[in-house]
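Q: From first to last, the protein sequence lines are chains A and B. Residue 1 is where the first sequence starts when you use the working numbering, and the numbers rise one by one after that. Residue 1001 is where the second sequence starts when you use the working numbering, and the numbers rise one by one after that.
Errors might be hidden in some of the hints.
Taking lysine to aspartate or glutamate pairs in the DMTMM-like style, the calculated list, with each CA pair at most 25 angstroms apart, reads [to be verified]: (1) A:Lys128 x A:Asp115; (2) A:Lys63 x B:Asp1025; (3) A:Lys71 x A:Glu190; (4) A:Lys16 x A:Glu28; (5) A:Lys108 x A:Glu28; (6) A:Lys71 x A:Asp217; (7) A:Lys71 x B:Asp1014; (8) A:Lys23 x A:Asp115; (9) B:Lys1018 x A:Glu67; (10) B:Lys1018 x A:Asp213; (11) B:Lys1236 x B:Asp1025; (12) A:Lys72 x B:Asp1014; (13) A:Lys63 x A:Glu190; (14) A:Lys72 x A:Asp217; (15) A:Lys16 x A:Glu27; (16) A:Lys108 x A:Glu27; (17) A:Lys63 x A:Glu151; (18) A:Lys63 x B:Glu1054.
Don't read these hints as lab results, they were simulated from the structure.
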Amino acid sequence: MATVTSHQPYHGSRFKTWWTILKISLEERFVYRGDFALGTLMRFLPIITQVFLWYAIFAASGKSQIEAYTKKGVVAYFMLTMISRAFSSMPGLCSGIALQVRDGEIKKYLIQPIDLIGFLLLTRVAHKLCYYVIALIPFAFVFFFCRGFFESGWPEASILCAYFLSLVMGFLLGFFIEASLGLVSFWFLEVTSLVFVYNLLNFFLSGHMFPLDLLPDWASQFVNLLPFQYLAYYPAAIFLGTIPPDQVWMGLAVEACWLTVFIIIARVMLNRGIHRYSGFGG
Amino acid sequence: MNIGFYLIVFQYTDSIGKGTGWGRDEFFVFLATTWIINSLVQTFFMPNAQQFSELIRSGNLDFALLKPIDTQFVISFPRVDWAALSNLFMGIILLSYSLYQLTTRIESPLVLDWRAILMYPFYIACGTIIMYSVMITLASTSVWLGRNQTLYNFWFYITNFSRYPMEIYQVGWGIALWAFFTFLIPVLLVVNIPARIMARPLNTMTSQMWQLASFAVLATLLCFLFSRRVFVRALKSYRSASS
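Okay, chain B solo, but in the shape it has when bound:
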């Protein structure tokens, strides 16, 4: 359905934002990247984060704590929602289709760079880790809030900002939003960096974009460490709920 919306949008404009380079097919690479990362998060981490909140609320986290293995590891991976993986395939199909369109178009066709092909999965992994960190941080707050039914809402509202090219925020007071979601909660880097690397020639990357790409690696690391800290702090505040 998203595709339908953007097809309509691209009837009225050639690109998203003036001079940003996000034309129809470039943007579909972006969209495909969004789908791929979201489906990875929803398949592997979403069910576990929800389960974690529930474990805290019901006091069943005791059983995870007793096991002689890292608790964060134990609660992060047990469940897999295979149904959500279908979006991954949709993403890959859309990615292949739009890359085909980009490389075979008559006017300045895209030449796929081997460095881009290597960096793309790397940055997808980085993006997924950032998303995982945000999610586990949110889920950990259930320890203090008791119950966390709004977890999913929060998650939706925060990740909503990551769904569009970051250039659209770089006007007026949007700069503040851009800075917030790039440097403080770096969800804007999640999709933007891999999509930018894949959708357009690497030699058109500005030095600012390269800096952001390097920062994304650092941000991934920092996010993960931060979420780990919050998780450990949360465990320390955890008081079991059963008798």
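Just chain A, same shape as in the assembly:
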């Protein structure tokens, strides 16, 4: 009985701590809202060059369709990967963790009742929430302006649900992959080149650069075994209906498995890392 009552305030205070962290991070983020909105609009600029590039490719190939994509379909794909990336990209997470390990700031998580991964996750959630609130206007504007590229219109409700689920899981997967990478710094201290390789692979294998369906068969079989596709390609492909509806949920289940694997990896690494860590100085 005593244990139950002693747990009650503990959970309450933990929730309060998390809520406070989230609130502070949100306020911190909203300071630069103008810069944010402008930055978001700017992000669509590379898409313009992509549109021209793909129109030129289609014009030269003389085909109306390349694999599953029409000329407009490719543009829709790239616009949707922008949304996927808005969820799954984690700028500065990996290098941030590495820096904290190197300069000893990580000590604060050892002496304060805050969990490192939980804290970073919440800051990231706040960061993203704030980003979506402000980015909604430029995004809505661009998508409304370019609605002609979406030839098949809105998908049906169940597919839309799967789409949102894949975005949320994409966010979590992106977070835990990068957190695990950052935690490697307990062993290596410097992870810049590791991050570089990861970003390169991510750019190519996530479908950010081109629709993964264009890969030759042997390569796409290999890429399908990796978790990268869930960070950009998979949500976009669900929305566009490139993935048959009966296979969508299977794919999400595989994504959930990947997510679990990386959550466990991040946890184990943090545990082992902290045991290895020695903080010197004051």
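Knowing the structure of chain A, use the given hints to seat chain B on it.
A: Relative to the frame of chain A, chain B by itself:
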């Protein structure tokens, strides 16, 4: 990785744009040129431009101003990022490989013209100067904006337009983009002119292309002078940041 993308693209098409002449190997000459110019800029100018913004923000520019030598010169060259030079070698390897492919192919092989070989490095230099000018202009704006963390983003978005053959923009309203990035901010000339001269026979150059090539020289000069003006103006508005 870029190469991988274009290899996939060229599985589905013979060239980038219909009748533009940018087939696989020609385009790889283009890509190699992009790498060479980018690596030159990133090795010699990028670290210095970033440093310049930082000097303005922190007020340490005072030390550069005190020296009895041209300030733009002093802040443009002190740092060299040797690691970025590796892309230069990659570019040269890709250039050699695709030129080899072009000159030894059975169907209408490319004959290397000595004029092209002379003009290529010249236009690479012009391109690098244009890029340098754009960069120093952007960096100078830190004087008015206080801090300029988005410098790199701006830089990326602007130069992004220079990465593809200019022919792809010459459809529909792309013409406006083409004109903007050819005449106002001439980043489209940076890679296009040297790559065009090297990748395809000179006698197939249209008179419009020759005009653009001559304009590129003028544009280089104008860009440099403009960036110099902005730089000097920026220095005049500079108020030190320390006590």
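Q: Please go over all the hints and tell whether each is borne out by the structure.
A: Comparing the hints with the structure gives:
Proposed proximity of A:Lys128 and A:Asp115 is supported: the alpha carbons are some 20 angstroms apart, at most 25 angstroms. Our distance criterion of 25 angstroms between C-alpha atoms is met by A:Lys63 and B:Asp1025, whose separation comes to about 22 angstroms. The hinted pair formed by A:Lys71 and A:Glu190 fails the criterion: a straight-line CA distance of about 43 angstroms is larger than 25 angstroms. Note on A:Lys16 and A:Glu28: the hinted pairing holds, with a Cα-Cα distance of about 18 angstroms set against a maximum of 25 angstroms.
Of the pairs offered as hints, the one joining A:Lys108 and A:Glu28 holds, with about 20 angstroms between alpha carbons and a cut-off of 25 angstroms not exceeded. For the proposed pair A:Lys71 and A:Asp217, the alpha carbon gap of about 22 angstroms is at most 25 angstroms, so the pair holds. For the proposed pair A:Lys71 and B:Asp1014, the alpha carbon gap of about 17 angstroms is at most 25 angstroms, so the pair holds. Of the supplied pair hints, the one linking A:Lys23 and A:Asp115 holds, its CA atoms being roughly 17 angstroms apart against a limit of 25 angstroms.
Between B:Lys1018 and A:Glu67 the CA atoms are separated by roughly 20 angstroms; this keeps the pair inside 25 angstroms, and the hint holds. Note on B:Lys1018 and A:Asp213: the hinted pairing holds, with a Cα-Cα distance of about 24 angstroms set against a maximum of 25 angstroms. Under the criterion of a C-alpha separation no larger than 25 angstroms, the hint pairing B:Lys1236 with B:Asp1025 is inconsistent with the structure, at around 49 angstroms. For the hint pairing A:Lys72 with B:Asp1014, the CA-to-CA distance comes to about 20 angstroms; that is within 25 angstroms, so the pair holds.
This hinted pair does not check out: A:Lys63 and A:Glu190 have alpha carbons roughly 48 angstroms apart, beyond 25 angstroms. Only pairs whose Cα atoms come within 25 angstroms are accepted, and A:Lys72 paired with A:Asp217 is accepted, the gap being roughly 24 angstroms. Restraint check for A:Lys16 and A:Glu27: the C-alpha separation of about 16 angstroms stays at or below 25 angstroms, so the hint holds. For the hint linking A:Lys108 to A:Glu27, the alpha-carbon distance of about 22 angstroms falls within 25 angstroms, and the restraint holds.
At roughly 17 angstroms between alpha-carbon atoms, A:Lys63 and A:Glu151 fall within 25 angstroms of each other, so this suggested pair holds. Between A:Lys63 and B:Glu1054 the CA atoms are separated by roughly 51 angstroms; this puts the pair beyond 25 angstroms, and the hint is violated.
In summary, the numbered hints that this structure violates are 3, 11, 13, 18.
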